[in-house]
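Positions 1 to 570 (my numbering) are the ones given, in order, by the first sequence.
It is worth saying that the hints were derived from the structure and are not from the lab.
The calculated lysine-lysine pairs, modelled on DSS-like cross-linking and capped at a C-alpha distance of 30 Å, are:
id	residue 1	residue 2
1	Lys302	Lys388
2	Lys316	Lys258
3	Lys564	Lys5
4	Lys146	Lys28
5	Lys336	Lys302
6	Lys388	Lys306
7	Lys146	Lys24
8	Lys544	Lys476
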Amino acid sequence: MRYTKFFIPTLREVPSEAEAASHKFLLKAGYIRQLAAGLYIFLPLSWRVLNRINKILIEEMEAINAQEITMPILHPAEIWQTTGRWYEIKEEMFRLNDRGGREMCLGMTHEEIMTWLASREIRSYRELPQIWYQIQTKLRDEARPKSGILRTREFLMKDSYSFDMDVEGLDISYNLHAEAYHKIFKRCGLRFYQVESDPGMMGGACAHEYMAPSPAGEDDIAICANCGYIANVEIAQSFAQPVEYIESEMEELFTPDKRSIEEVAAFLNINPSCLIKSLLLVSSTYGYILALLRGDQELHDKKLTKIIGQFRIASKDEVISFLGVEPGFIGPIDFKGRIISDNALNEGVYVTGANKLNYHIKGVKPNINFTAEWHDIHIAKAGDYCPKCKSELKIEKAIEIGNIFKLGTKYSIPLNAVYLDGKGVEKPMIMGSYGIGPARIAAAVVEQNYDEEGIKWPKSIAPFDIQILPLNMSDKQTVELSEMLYKNISEIYNSLTDRNMDVLLDDRNVRPGVKFKDADLIGIPIQIIIGERSLKNNYIEVKKRLTQEVFKISLERAEASIVKIYYETE
RNA sequence: CGGGGCGUAGCGCAGCUUGGUUAGCGCACCUGCCUUGGGCGCAGGGGGUCGGAGGUUCGAAUCCUCUCGCCCCGACCA
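Full structure from sequences and hints, please.
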């Protein structure tokens, strides 16, 4: 491809709204443009990247006998009503009416529609298992689109769905996907983890996410370097580090106006971990509940929801009316109701609110001075101990680039996706669903591979393999050599890749500095620099964008040298 | 949805507090000359309903009201 025939609108300055590195560079290097919040135009360069990613997706999906299909984006409401998600999902779903007033929605995912198809078309165990997938647009009215193409309202997704006879079959389909996903992310040049995750609204028993570590990520993952335990903080278990506690008899302490953990700890000159954090909650099923955490811990809402169901923090007035004291001085002693306490408090001696204005109590011993139900209800944090091997956990930010869910019968039962087994017994299909966002992969790759000059694509998904930079378009020898290399390298067939090299020839009549800057910005893995200075000495230069290494290669057999350097590149 | 910030040329910004000729600067863009190893140089030029609507005023980019949009933090995230 000739640069002058290809649309690459690079910018000198980045629009001020861009914050994340991938957002900045993809805008600056002319890959994307924003239409509105969470809506992006993919320009020729980024479309090439996406197509390369999609090609990898297709190859790896076909390798596990998944079959590509495509489904409508516009869905009738009835199917979503049948599974209940029409009602469970709130503003995230784009809804509309057709001309006849029929309720419709735009597809945010395709469990319903895929299951609808399976329910109509699959009759017998002889037709199972099936894995169907598509690469297709999803629409979600995100509360807060952000970070360029990392979180958008309309995005491409490779989503696949497996239908099996039984859970053993599901395990096989699930594991096939896990293996395929590992290969996909590896081929795309990503550093990633597979982590345990919360099945959430997808339902089902088991789920994993694929996480690309990056400061731009929205998720926190807990990692144990010792035993390999790794989980999204949304579900990560952990043990709080044990701390020293001060043995003492129970005694009221005057703590005037000291309400928060920090204030009390500072006032008493003790560590926050010596305090009990007491939170009065209101649960629709259990009424008032007291949740206890160690002073250095935070409540994990989802963990507690699993134990007591939906709840909310009691208001100040509710605290006063139920306990007769303001928040800031409440504690578990003589509490009339259910007490859920984090495991960290199971032993030790603590300071806690005295249920009396301006007083705390020291010397409080759990299981002696109060009783509680013991659970892990805290947010895992760096330094906590691994739930499996008790080594220290670290916390890393990461971008979710894919996920896999065991759905079981969550969709097949309501939508009546059943088959007859070998004995003629009707059974629900056992399902799984599996998603990957190609644009997220691209963005995550950029987040993991850039420097101050621009993007550094791995060659597997770069928009081009090689960029040729003739530095002076007025110099005859420069132009002739560039044209020759452009033609020859483009056509070199290599059985290792079953495709020709994609070469971008920067044939613009601009100064060398512009070409260098744009080339580094765009981030094609190999640059071939052709300038008069080196031609005088019978060589040209080949630069690897990843490492910025420059190789001087002889004009003799230059193509072979270039191809060799290309294959040695990541 | 809560909190914060920002809307002036394609991009980056100044001007607004304290209203007053024709709204400015840099980059980009167009023309010509020049130059060719890290976003050259010189000269000339085009491009703006100052996000929108209403109001105050002799006069509004500037003050007031409403509204739309975008970004960031949080909540949410199938």
